[in-house]
Each structure stands twice: as structure tokens, then as C-alpha cells.
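S.K.: Sequence:
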Amino acid sequence: MSKWVNVDFDSGAAGSSASGAPSASSNTQAAAASSSPPPPPSSGTSAPPTTAGGNHRYGATEHMHIDVGEPVKQGEGMHAYISYKITTSTDRRQFQKSQFSVIRRFSDFVWLHASLCAQYPGVVVPPLPEKLLVGRFSPEFVESRRRALHLFLCRCGAHPEIQHSDHLTTFLEASDDALTHFKADKAKGSSSTSSGGGSGNGLFQYMSDTVASISNTLTSTTFLDKLKTNADVQVEDIAAYMDALEPIIQGLAKHAHGLTKRAREIADGLFEYGVALTLLGQSEENESLQTALRYVGSCADALSVLAAEHAEKEVLLFEEPIVDYIRLVGAVKAALIKRNEVRQVYHSAVADLDTKKAALAKAIAKGSSHDKVQSAESDVSKVYIYIF
1 MSKWVNVDFD
11 SGAAGSSASG
21 APSASSNTQA
31 AAASSSPPPP
41 PSSGTSAPPT
51 TAGGNHRYGA
61 TEHMHIDVGE
71 PVKQGEGMHA
81 YISYKITTST
91 DRRQFQKSQF
101 SVIRRFSDFV
111 WLHASLCAQY
121 PGVVVPPLPE
131 KLLVGRFSPE
141 FVESRRRALH
151 LFLCRCGAHP
161 EIQHSDHLTT
171 FLEASDDALT
181 HFKADKAKGS
191 SSTSSGGGSG
201 NGLFQYMSDT
211 VASISNTLTS
221 TTFLDKLKTN
231 ADVQVEDIAA
241 YMDALEPIIQ
251 GLAKHAHGLT
261 KRAREIADGL
271 FEYGVALTLL
281 GQSEENESLQ
291 TALRYVGSCA
301 DALSVLAAEH
311 AEKEVLLFEE
321 PIVDYIRLVG
331 AVKAALIKRN
341 EVRQVYHSAV
351 ADLDTKKAAL
361 AKAIAKGSSH
371 DKVQSAESDV
381 SKVYIYIF
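Quick note on full-length UniProt numbering: the sequence shown kicks off at 1 and runs consecutively.
Among the hints, erroneous ones may be present.
As the list claims (entries may be wrong) - Between beta-carbon pairs, the in silico distance windows are:
| id | residue 1 | residue 2 | range |
| --- | --- | --- | --- |
| 1 | Met78 | Gln374 | 32 to 40 angstroms |
| 2 | Lys357 | Val233 | 27 to 35 angstroms |
| 3 | Ala114 | Ala358 | 36 to 44 angstroms |
| 4 | Ala358 | Arg92 | 22 to 30 angstroms |
| 5 | Val72 | Glu236 | 25 to 33 angstroms |
| 6 | Glu312 | Ala244 | 27 to 35 angstroms |
Said to hold, decoys possible - In silico lysine-lysine, BS3-like type, Cα no more than 30 angstroms apart, as pairs:
| id | residue 1 | residue 2 |
| --- | --- | --- |
| 7 | Lys254 | Lys356 |
| 8 | Lys228 | Lys382 |
| 9 | Lys366 | Lys338 |
| 10 | Lys338 | Lys382 |
| 11 | Lys183 | Lys338 |
| 12 | Lys131 | Lys73 |
| 13 | Lys338 | Lys186 |
| 14 | Lys382 | Lys366 |
The set of hints was computed from the structure by calculation and includes no laboratory data. Beta carbons: idealized from backbone N, C-alpha and C, even for Gly.
Let the sequences and hints guide you as you build the complete structure.
M.R.: Structure, rendered in C-alpha cells:
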């Protein structure tokens, strides 16, 4: 079973948010309390202490700094895409150099994320930003995606398990040709592993091959409830908490987007208002009125700059963190779903193993022919290999 680790993905990856927000009124607090999510499930133990280098269970991590920058549009038309320069500075022994840079596109990030999910089933893999079909080359979206990709790689580099992945190492260090060959080799390896035994993929392959022979009751809720452990109960509590938390954060993100959109509209309105007043002042013959209108127009223009800066800060410090929490909740739910799938498959395979062991014992007790006993032993060995 995969181990569940309490990891602060944001440690060293993003700056702390500003404090000192004004307190809400009593009516607002009462309304928020009525729709608040359930308290997070308690594991019964406090979070493990961490050092400056990382989680104590894995020892101190070496220095690693990752930066995603210089987004550049490549190609034209339907084949156009944005490339990003990834610069890494580290003293970790898994890398050949201490400083290096590579150029990657968004599809490379998608491959890395999918590979990490497959390599670490049950682990909460840091989420990627969403794809966008319309407006994906706008400066605002490109910069927003760059920040999200930067956060993704920083979290991967800080994760106590993912940081050691050969996929991550190759992604950060290899040339374009080396990365292409690495992808091809891993694709061939995964296809051959899925047809063999001794792995989680082999277990799923076995179940897909023998699903018709396994009773539906083996995967029923009643059957799984009988085999439920304390860890399963804790995971179910976490899943229920995430299910309740997700719609609340989604609603918060919706209203946050409305506020930031309105702030940008106010900035645009002040700019247009200032331009209109300046033009009106130029058309006036009265010199004092002309000066006054130009002055008010200049003030409106200055206010538009301040409003635009404020709107941008609202996006960076308010809206984007909320959207990021939605992605994190989705990543947690995906990990929980993967764990539940493995749990169901494992218990079904164990039940099938018990059935085949009973058939073998029965064949031996009845004094069946050597061929029948050998066939029953082969069935038991096959299931045992795929499970363990």
C-alpha cells in the first residue's frame, strides 16, 4: 500500500500572503458559518516536524531552485505554441550539472504530470493549470500559465518522493532529443510491464483478464465494508471533507473572479474617463476651464494606473490562490480515487486467490489426476504472482 505523507507543497515555492485583512461583520460571520465545510478530519496525531531541508522521514533535501520564464510563441497557425525556458540550480547528486536550462512546451508538462501520476499511484501529484482553447496566446493567460507551471515544478522539486523521479530529472535536464528518446523508452517499458506480473499494472491487467470469472459480490459495498480498516475509515473521512470543500471553494472562486473583473473594468473606465476629459479640455476656449478639465483628466488617468495595479494584485494574491486550491482539491480527490480502485482490485484478487486455493485443496483431497492438480496449482501461482 502507498504511504500517505503530510507534505507542505508551498514551502519555498511561493511567498506568504499578506496579513491584516479587515474582520467581517457579525452577520457575515453567521452566514459564513452556516455554509462552512466540515472540520478537516483528524488523524489522531500531530503533523511530523520538518527541518529546513524537508520531511524528517526522508532526510534533509539538497538545494534546488527552479525558475520558469521567458515564454515565447513558436510556430504559426494551428501549429503555434508557447515555449518556456526552465532554469535549474541545484547541488543534488541525481543531476549531472549544478546549473542548466532547457526549453519545454505545455505538452511536455502534461506528459510529466501523467508520468508522475502513473509512477506514484496514490500520491497527491501537484496539479497543472487547465488547458484553454480560446485566448491561449493572450499576454495575461500566458503569464498566468507561466506562474502556475513554475509553482508546479517547485512543488515537484520539494515533494519528498517525486523529487527523486527519473521523469522529473530528465524533464529538467535532458535535451529535446534525449527527452524524446526517454519518452519512447518509457512508453515501451510501460506497455511491456502491463503484460507482465509483479507490479500494480500487472494486477490491473490480471483483473481485466479475469473479471468475467469473479463474482460481482466481491466488489460490492457490503463485501468491502467487511474488510475496511482504520486507514480506510480515515481516507473516507478525507474524501467526504474534500467533497464538501470543493463546491464551497468553487463558489468562492466564482465571486473572486467577479471582483477582479470589476476591478479591471473600473481601471479601464477611469482611463477612458480621463481621455474624454482631456479631449474636452482641448476643445474649450476658456483657458481656466481648459486647465481644470485637463487636470481632472490627468488625475483620472493616474487613478486608472493605480486601479490597474490594484486589480493585478487582486488576481495574484486573491483569485489565483483560490483557483490553485481548487486544483489541489482535484489532485487529492484523484489520489483518493486511485487508492480506492487499487483497494477494490486488491481485495477482489485476494478473494479470487482464496477461491483457487480452496479448489486446489479440494482437488488434492479428492485424489484428482495429476493434470488437474497441476492446473489448480498453476491458477494459484498465477494469481499469487500478480498480487505480490
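S.K.: A separate judgement is required for each hint: does it hold in the structure or not?
M.R.: Here's how the hints hold up against the structure:
The hinted window of 32 to 40 angstroms between Met78 and Gln374 is violated, with their beta carbons roughly 60 angstroms apart. For Lys357 and Val233, the Cβ-Cβ distance of about 29 angstroms falls inside the hinted range of 27 to 35 angstroms, so the restraint holds. Checked against the hint of 36 to 44 angstroms, the pair Ala114 and Ala358 passes, with Cβ atoms roughly 40 angstroms apart. The hinted range of 22 to 30 angstroms is not satisfied by Ala358 and Arg92, whose Cβ atoms lie roughly 51 angstroms apart.
Between Val72 and Glu236 the C-beta distance comes to about 47 angstroms, which lies outside the given range of 25 to 33 angstroms. Glu312 and Ala244 have their C-beta atoms about 32 angstroms apart, which keeps the hinted 27 to 35 angstroms range intact. Annotation: proposed proximity of Lys254 to Lys356 is violated, straight-line Cα distance about 54 angstroms (limit 30 angstroms). Proximity of Lys228 to Lys382 is assessed by CA-CA distance (about 26 angstroms); at most 30 angstroms being required, the pair is judged to hold.
This hinted pair does not check out: Lys366 and Lys338 have alpha carbons roughly 42 angstroms apart, beyond 30 angstroms. Taking the CA atoms of Lys338 and Lys382, the gap is about 24 angstroms. The hint holds against a cut of 30 angstroms. For the given pair, Lys183 sits about 23 angstroms from Lys338 by alpha-carbon distance, which is consistent with the 30 angstroms threshold. At most 30 angstroms may separate the alpha-carbon atoms for a hinted pair to count; Lys131 and Lys73 meet this at roughly 16 angstroms.
With a C-alpha separation of about 21 angstroms, the suggested pairing of Lys338 with Lys186 holds against the 30 angstroms cut-off. Distance hint between Lys382 and Lys366 is fulfilled; the C-alpha atoms sit about 23 angstroms from each other, no more than 30 angstroms.
Of the numbered hints stated above, those contradicted by the structure are hints 1, 4, 5, 7 and 9, listed in ascending order.
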